[in-house]
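Student: Whole structure, please, built from the sequences with the hints as guidance.
Taken in order, these protein sequences are the chains called R and F.
Heads up: the first sequence begins at 1 in the numbering used here, then just goes up one per residue.
Heads up: the second sequence begins at 1 in the numbering used here, then just goes up one per residue.
No lab work stands behind these hints: they were computed from the structure.
A few of these clues could be false.
[As the list claims (entries may be wrong)] BS3-like cross-link-like pairs, simulated, lysine-lysine; straight-line CA separation at most 25 Å: (1) 106/R to 14/F; (2) 71/R to 113/R; (3) 5/R to 57/F; (4) 106/R to 56/R; (5) 106/R to 71/R; (6) 11/F to 57/F.
[As the list claims (entries may be wrong)] Some chain F residues flagged as far from chain R (calculated, every beta-carbon gap over 12 Å): (7) 2; (8) 58; (9) 64; (10) 68.
[To be verified] What follows is a set of in silico ranges between Cβ atoms, one per label pair, in the way DEER data are often shown: (11) 59/F to 46/R: 42 to 52 Å; (12) 68/R to 85/F: 29 to 39 Å; (13) 14/F to 78/R: 23 to 33 Å; (14) 28/F to 69/R: 32 to 42 Å; (15) 14/F to 70/R: 41 to 51 Å; (16) 9/F to 70/R: 19 to 29 Å; (17) 61/R to 85/F: 15 to 25 Å; (18) 51/R to 84/F: 38 to 48 Å; (19) 41/F to 27/R: 10 to 20 Å; (20) 7/F to 69/R: 39 to 49 Å; (21) 73/F to 69/R: 16 to 26 Å; (22) 68/R to 41/F: 17 to 27 Å; (23) 12/F to 69/R: 46 to 56 Å; (24) 60/R to 3/F: 13 to 23 Å.
For each residue, glycine too, the CB sits at the ideal point set by N, CA and C.
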Amino acid sequence: DQQVKQNSPSLSVQEGRISILNCDYTNSMFDYFLWYKKYPAEGPTFLISISSIKDKNEDGRFTVFLNKSAKHLSLHIVPSQPGDSAVYFCAARRYGGSQGNLIFGKGTKLSVKP
Amino acid sequence: DTGVSQNPRHKITKRGQNVTFRCDPISEHNRLYWYRQTLGQGPEFLTYFQNEAQLEKSRLLSDRFSAERPKGSFSTLEIQRTEQGDSAMYLCASSPRGLAQVSYEQYFGPGTRLTVT
Numbered sequence: 001d002q003q004v005k006q007n008s009p010s011l012s013v014q015e016g017r018i019s020i021l022n023c024d025y026t027n028s029m030f031d032y033f034l035w036y037k038k039y040p041a042e043g044p045t046f047l048i049s050i051s052s053i054k055d056k057n058e059d060g061r062f063t064v065f066l067n068k069s070a071k072h073l074s075l076h077i078v079p080s081q082p083g084d085s086a087v088y089f090c091a092a093r094r095y096g097g098s099q100g101n102l103i104f105g106k107g108t109k110l111s112v113k114p
Numbered sequence: 001d002t003g004v005s006q007n008p009r010h011k012i013t014k015r016g017q018n019v020t021f022r023c024d025p026i027s028e029h030n031r032l033y034w035y036r037q038t039l040g041q042g043p044e045f046l047t048y049f050q051n052e053a054q055l056e057k058s059r060l061l062s063d064r065f066s067a068e069r070p071k072g073s074f075s076t077l078e079i080q081r082t083e084q085g086d087s088a089m090y091l092c093a094s095s096p097r098g099l100a101q102v103s104y105e106q107y108f109g110p111g112t113r114l115t116v117t
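Tutor: See below:
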């Protein structure tokens, strides 16, 4: 069963507008969440993270929001740029779990059109 | 370049052959991870090392798979008697040991794409 779900396989946004990527999770024991960006033929690149004790974390154009009661997080990119076009993965770590085991969603492909 | 490096980047092999991949983590990162990614999926955890100790293995890691990190630096992942279902991207990641601040970020290499024919 998919514990981390990214229900939108793709998203298309105009340059300069906001991109909102969504992620839902089912395991209430998850205590840390991360977003990764992946270009073709490259490994995932860490983007931004948030601990479950927070509801928002911001880094430049990227903001992650966490709604624990809804088991939902989202990544906002403002303003979107063509270079942001990539696949975005949401990942989660389980409280009390090993340091190794990040659980990833299937990804959302973002296309930012000039 | 001080990022995670993986070799080879691509490997084509025939079913039944053995293959070995290498990962060099970021210097001084004591934690190293292997993941597998297939088309349309996110990375799936395989195994994790802290220094030279293999601390966790996923049930995805069948007995045909073995990983080592002999001196706590680079790591190798070997697949014996490869099957077509082993075709995937094999990703390596590393992370530092957190001191004052807990962080779980892992830094990935470019991956090794394995094709089993």
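Student: Beyond 12 Å from every Cβ of chain R: is that where the Cβ of residue 64/F lies?
Tutor: Since the minimum Cβ distance to chain R is about 20 Å, residue 64/F lies beyond 12 Å and the statement holds.
Student: Could you check the hint for me, namely that residue 68/R and residue 85/F are 29 to 39 Å apart, CB to CB?
Tutor: With a Cβ separation near 37 Å, residue 68/R and residue 85/F satisfy 29 to 39 Å, so the hint holds.
Student: Given the hint that residue 71/R pairs with residue 113/R, test it: the Cα-Cα distance must not exceed 25 Å.
Tutor: With Cα atoms ~30 Å apart, residue 71/R and residue 113/R exceed 25 Å; violated.
Student: Holds or violated: is the Cβ of residue 2/F farther than 12 Å from all Cβ atoms of chain R?
Tutor: holds, 14 Å
Student: How does the Cβ-Cβ distance of residue 28/F and residue 69/R compare with 32 to 42 Å: does it lie in that range?
Tutor: The hint (32 to 42 Å, Cβ to Cβ) holds, given that residue 28/F and residue 69/R are roughly 39 Å apart.
Student: Is it correct that the beta-carbon of residue 58/F has no partner in chain R closer than or equal to 12 Å?
Tutor: Per Cβ check, residue 58/F is inside 12 Å of chain R; nearest 8 Å; violated.
Student: Starting from residue 11/F, check that the Cα of residue 57/F is at most 25 Å away, please.
Tutor: Holds. Residue 11/F to residue 57/F sits at ~23 Å (cutoff 25 Å).
Student: Keeping to a limit of 25 Å between CA atoms, is the pair of residue 106/R and residue 71/R held or broken?
Tutor: holds, 17 Å
Student: 10 to 20 Å was suggested as the range; check whether the CB atoms of residue 41/F and residue 27/R agree with it.
Tutor: holds, 18 Å
Student: Please check whether residue 61/R and residue 85/F have a Cβ separation lying inside 15 to 25 Å.
Tutor: violated, 40 Å
Student: Looking only at beta-carbon atoms, does the pair residue 14/F, residue 70/R fall within the given range of 41 to 51 Å?
Tutor: For residue 70/R against residue 14/F, whose Cβ atoms are near 49 Å apart, the range 41 to 51 Å holds.
Student: If I claimed the Cβ atoms of residue 73/F and residue 69/R lie 16 to 26 Å apart, would that claim hold in this structure?
Tutor: Taking Cβ atoms as reference, residue 73/F and residue 69/R lie about 44 Å apart, which means the hint is violated.
When held up to the earlier numbered hints, the structure conflicts with 1, 2, 8, 11, 13, 16, 17, 21 and fits the remainder.
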